Amino acid sequence: MSTLLQVSGVTKRFGGLTAVREASFVVKAGEILGLLGPNGSGKTTMMNLISGNLRPDAGGIAFENTEIAGRRPHLIARDGVARTFQLVRVVGEMNARENVMAGLAFRKSPLWGSAAEDEADRLLERVGLAGRAQTPAADMTYIDQKRLELARALGLKPRLLLLDEWLAGLNQTELEGGVSLIRSLGEDGVTVIMVEHVMAAIRSLCGRCVVMNAGAIIAEGSTGDVMADPAVVSAYLGDEHA
Amino acid sequence: MLTNAILSGLTMGGMYALVAMGLTLQYGVSRIMNLAYGEFVIAASFVAFLLFTSGGLSPLVSLLIIVPAGFAVSYLVYGILLTPLVRRARSREALEADSILSTFGLLFIVQGLMLVFFGGNYTSYSYFNTPVQILGTTIAANRLVVLGFAVLFGAACYFFLMRTRTGVALRAVAVDPIAAGLVAVDVRWAAALAFALGGAIAVTGGVLVSMFLTFNANIGVVFTMKALIVVIMGGVGNVAGALAAGIILGLVESFVATFVDPGLTIAVTYAVFLAVLLVRPGGLFGTAK
Amino acid sequence: MLEVSALSVAYGKHQALRDVSIVAAPGEIVAILGSNGAGKSSLLKALAGLVPKSRETSVTLGGKDISRLRPHEIVEAGLALVPEGRGLFGDLSVAENLQLGAFAKRARQGEADRLARVLDMFPRLKERRAQMARTMSGGEQQMLAIGRALMSSPDFVLLDEPSLGLAPVVTQSLFSILGDIAAAGTGIILVEQNTRASLRIAQHAYLLENGRIVGQGTAAELSADPAVQRAYLGL
Amino acid sequence: SQESVRIGYVVSKTGANAGGATTSTIPNYELWVHEINEAGGIQVGDQKLKIEVVEYDDRSSSEEAVRAVERLATQDKVDFILTPWGTGNNLAVGPIFDKYGYPQIAGTSVTDRAPDLAKRWPNSYWLLGTGGSYAEGFVDLLVKLREEGKIGDEVAMASIADGFGIELSTAGRTALQENGFKLVYDQTYPLGTQDLAPIVNEVKALNPDVFIAFSYPPDTLGLTDQARVLGFNPKIFYTGVATAFPLYKDRFKDAANGVVSLGGIDPNDEKVKAYIAKHKEVTGKEPDRWASFMTYAGLQALQQSIEQSGTLDKEKVSEVLRTGTFDTVLGNISFDNENRQVPNIFTVGQWQDGEFVGLVPTDKEGSGELVFPKPEWPAAQ
Amino acid sequence: MKNSPAFVIGAGAILFAALAFVPFYVDGYGLALAIGIASYTILATAWALFSGPTRYISLATVAFFGVGAYTVAVLGEVLPWPLVMLVAAINGMLLALVVGLSTLRLAGIYFVIFTFGLTELIKQLVTWYEVKITRTVGRYVFLDIDQQTIYWQLLALAAILFLVGYLIGRSRLGFALRIIGGDETVARHVGIDTTHAKVALFVLSALFMTLTGAIMAPRWTYIDPAIAFNPQVSFQAVIMALLGGVQRLWGPVLGVIPMTLLFEYLNANFPNYFILILGIVFMLIVYLLPQGVAGAVSSLRAWSRRDGKSVEEAR
Ligand SMILES: Nc1ncnc2c1ncn2[C@@H]1O[C@H](COP(=O)(O)OP(=O)(O)OP(=O)(O)O)[C@@H](O)[C@H]1O
Ligand SMILES: Nc1ncnc2c1ncn2[C@@H]1O[C@H](COP(=O)(O)OP(=O)(O)OP(=O)(O)O)[C@@H](O)[C@H]1O
Ligand SMILES: [Mg+2]
Ligand SMILES: [Mg+2]
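Protein chains in written order, with my numbering: chain A, 1 to 242; chain B, 1001 to 1289; chain C, 2001 to 2235; chain D, 3001 to 3381; chain E, 4001 to 4315.
Some clues are possibly wrong.
[As the list claims (entries may be wrong)] Pairs of lysine-lysine residues, derived as DSS-like cross-links and limited to a Cα-Cα distance of at most 27 Å, are as follows:
id, chain 1, residue 1, chain 2, residue 2
1, C, Lys2105, C, Lys2126
2, D, Lys3271, D, Lys3235
3, D, Lys3144, D, Lys3235
4, D, Lys3280, E, Lys4132
5, E, Lys4132, D, Lys3204
6, D, Lys3077, D, Lys3314
For the record, the hints were derived by calculation from the structure and aren't laboratory data.
If you're wondering where the values come from, they're calculated on a predicted model, not measured in any experiment.
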């Protein structure tokens, strides 16, 4: 598998706090990579750095062999990196269809007009929001808003999808649906980096994981190996998952 | 000349800061963008003038009447006129737009009342205009009083907001009114309190500036805009910021007038204000989002 | 005792809750189970006074009717909510958020002790007392929200998905902390997607579907119920 | 034939210009209407017609003034229109007065273009004249003082940065320089300046014999205040608009003594005394000693030209206005045919024991003697 | 059918063509009123073009308006009229570019007051320049442009504005702006160049404001900074737009017309209590029409439509 994303030596500081410290890892095309770590270890910050929401203080990020570190987010998005947010962000006063059209209208090969509407409805259906096209996003539950966010991200036709705790808050049945949705994305050839604290999902979806702690990467490798790593167990998983 | 400039700048700056502090409470905590703010300032000036000329009451004494009255009137304004808007507002933006519109109406009403009662004439009287010698320069006592009040109020407000429980509660309301309810803060009470405190400060400013500024029923908006500039430059809801911003603007004004060109004073104050925002989009002490 | 009966909530035409009745005893953990959109959050918000309840609704806490009170009065009466999305004061520091937690008059006494307990429970908060809440990580904010609710010395805490976004190791300790809190006499109404863990610590549970209570029982009974197992436990 | 004379006007009752309009314009309009109606009306031909007023507020905006005058002319169809307050608004409404043939008797406009305007709009009268006439009149006075050895060459000048201040200061600067004065301080300050201490401080340090401020009411009071607090007492202390207001006298009492400004009256003139008394009686306050007089004189001229022509026909009344002589509070006046201003006004006056006495032109009847040097400021209360 | 672009544009064209005949049917006052309405319609609509979707409340309206007026004051007697307009347009757009680029990091009230401060700065600088350099603070504009012509120019400008606004509302640019107004971070992450979009629309809206100032200037004969840069104009435009409703292109005009007529009515009937009564009326409007006039019209329409439907169902 070829390398899709290469993060090398990235550092990000907030005032005196180093949120990400000389982190390096690679993401291969087509894989679903788990990004794990205790709360406050820098996972969301890492997502922000990749998507261009933050600018690294040092280090490089190469996407398809092009340097994207510090580029403005809209350019990165057009290059094919889409994301969802840990605390959902949808445009509340727009309806679901319009929210998804936001993802379609400004990508590299934009869709507009009725083509965009049709595609938006198709994506809504894919994430489980069929028939909700006219619902204002503000009136949807948290979980539905997360679905909506995913549909919007898919609208960008991403080659790399960043999911920040997208499965958090789903109950068992819903979780199963979510897991198979992400799996199907992988089958469609979308590369995914997912931050998640739900271990069952990580185990069933991710071939490889990267684990961060206090901003640094403490483990990288196949999911099984990583989960057995004593450092990961003590810092993150706790005895229950060991 | 330097001490002159500094002193004159400090006194004017103190006046700006004092007037701005009330607005920063009203906007910062109660989220009411009070466009009628300056009208309250001027209304107090008129009342002080009236008490002085017809009753011989010193403005400093009349503060004892006018400040509680300002507090009470503001409390009622909030309770009666603004609470319905607060209740119906679905978002911060909605409340902002509504409060702009309704206080714009209030501005007209207060101004209209002043016109009816006092006419459109310029009004001016003189109190405590005695020269005081400090550091080898002369300054009018009434201006020193304003500076004193500004520092006093600034310190008191700062202490109140940062150190007292009620103060922290007011700040909490400023940040998130819904969450404030969840920690047992009576949001309506807190917002009305902050609005009324702001009103009390506004009228204090009005009484004090009436001792040396010429005013009429139409210049309220000048005070509103100046106060807004100071509030924004200091960072919304930040009393220390308002004090600092007011004094900076006062000093800039007097230095430009003394050493550069009086014709540029206002231009430079605006330029400084804009420059501050360009560098710190959340104001001097604000947190940029 | 927290007793809720005939609770209904509507958002415009949309009826989110219908005739819901639940009870919880002091020191008891009551779990509310239900799928996405069932109305769990609406239930907690209604109890906390954030959304209007229908006229028939009755909520009593220790015998006192609190169904008509405003949010701050409800906290004062002894019911604290940790809402979905946390409801922190983003621009205030961690310490100030905690201080505000004890704003209720009932919470003034013993504030220092309670603060010490909360900081023990979540050492990360101790390290970051001066940090602005907005800049804390997702999980750190969750800790702060729970800590803040405990500061009000509530008789009952309403927790809306407290483990959301917490690392597994923290989730584990959270559940054991919840057990401790309850053991110390504070009742807990727990809305939680981590059904397995919540049924483990809960004494009692309700099943909510489409805004109605469709089942209830002891935690053990529900854990054994095949329908619950299928829908919520993934067995 | 009609039962009343319809008189319309639009003035700034609110907004930035309201202070000026409420001082010089509105009370005089009210006084004039009151007097005429009290006397049974205006004599038009063989009948006495009472005045019926239609008034609007222009909210200190040129656009509103333009629209309101259109309204007066085309909707209300008033017989005559009184002018708005201020230079800007009088210029804005000029074309409309002209279009509908109304005489425009402006009592509160100072503009160097007055002569041009009178040519452009043949029915327009600019009673306050040009900025130059005030500045030059004052400089003449200074020249004389210097000749008498009373003052030196050094003059400090501050002016407000708007049309009025700039016209006067430009004319003043030219006249001063032509006459060999040295401008040790020559600065402008913007409208709305609240802190005048820096200006007074700096000027005081330069210690000139003469201080001139072409200022507006709030700054006139502020400058005087600061000069007094800071103990700046030049031999000649000249401040601009509002010095001649009763407000100034009320505010500064004895301290006003010796302050020089634009305008002025002959306090011994019976007509002047009567006007002041009547103004006070009807409006509750005294008139200012400058623009109020021109405004009122203009109203008297309008009334007399209506009476003399015996008709409400605007053409005919205008004809009389252009050519006639009128008995007014300013004495017998006729409008200078060339540029339609009143030649017969005081351009410089001084507060002397509670009255603002006209000094220049010195040869004008009733002109007073300059009190020199300006007395010390009395101790502030 | 009713919403097809051809229909909407055609109907708009007919409406504007009809409005062009207004000067032949009204007297001077009627024309003055029409001019007032037309000018504020352009200002408020142009304001809402940018501020409606983005929710950035700009108080810089009069900065552009004043630049237009001043350009005429300076060049009106020097250059032919079309050229004057062109220069005004360029000035206004350049200024908007600077303002737009410098305000990118500002949000909320900081943006509001920044734009106000900027306007005052411009006014002060123009004053200072005139005082120090040209020594003519008040400028005289004697141009032979009659009132009808001013009206027609405004009408043409308004027609172009509505056309442009309509097209933008249907375009990706308009959509991008709505997303920016909803959540700027989201906008950036779906590939919107927020800087471009915001600045482009800001400049466009400023262009219309500038031209309005230029067209109106000959009405006043005399222009000084206080007249040209009167902040009241900015406030009035904002208030009218908010009152009408900014979510729809035709919203602001629903604020402009009643407000203008209300002003006229009160001014004529209560010249001495004008402000007081205006204030009271104003507050009543705010309380009674929470969604603005356009909102009220829309809900009225929705209500009548629902009503219609229920009648059908009953049959
Ligand atoms: N803007 C900021 N200013 C200051 N500190 C910040 C800022 N953003 C994040 N941090 C800090 O950086 C650290 C890393 O935060 P980040 O959000 O990346 O954590 P995370 O790994 O996503 O945690 P979680 O699993 O809880 O979401 C945290 O300690 C957080 O408090
Ligand atoms: N403010 C609102 N306006 C309109 N409808 C709402 C509102 N809040 C919630 N709803 C609706 O009420 C229903 C119940 O919502 P609620 O948030 O209580 O569900 P929940 O059980 O907490 O779901 P989740 O598991 O997704 O958190 C949902 O259908 C939701 O769409
Ligand atoms: Mg995170
Ligand atoms: Mg929920």
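Here is how each hint holds up against the structure:
With a C-alpha separation of about 24 Å, the suggested pair Lys2105 (chain C) and Lys2126 (chain C) falls inside the 27 Å cut-off, and the hint holds. Under the criterion of a C-alpha separation no larger than 27 Å, the hint pairing Lys3271 (chain D) with Lys3235 (chain D) is inconsistent with the structure, at around 32 Å. About 14 Å separates the Cα atoms of Lys3144 (chain D) and Lys3235 (chain D), which keeps this hinted pair within 27 Å; it holds. Proximity of Lys3280 (chain D) to Lys4132 (chain E) is assessed by CA-CA distance (about 42 Å); at most 27 Å being required, the pair is judged violated.
A distance of roughly 23 Å separates the Cα atoms of Lys4132 (chain E) and Lys3204 (chain D); the hinted pair therefore holds under the 27 Å criterion. Of the pairs offered as hints, the one joining Lys3077 (chain D) and Lys3314 (chain D) holds, with about 12 Å between alpha carbons and a cut-off of 27 Å not exceeded.
This entry does not satisfy hints 2, 4, going by the numbered hints stated previously.
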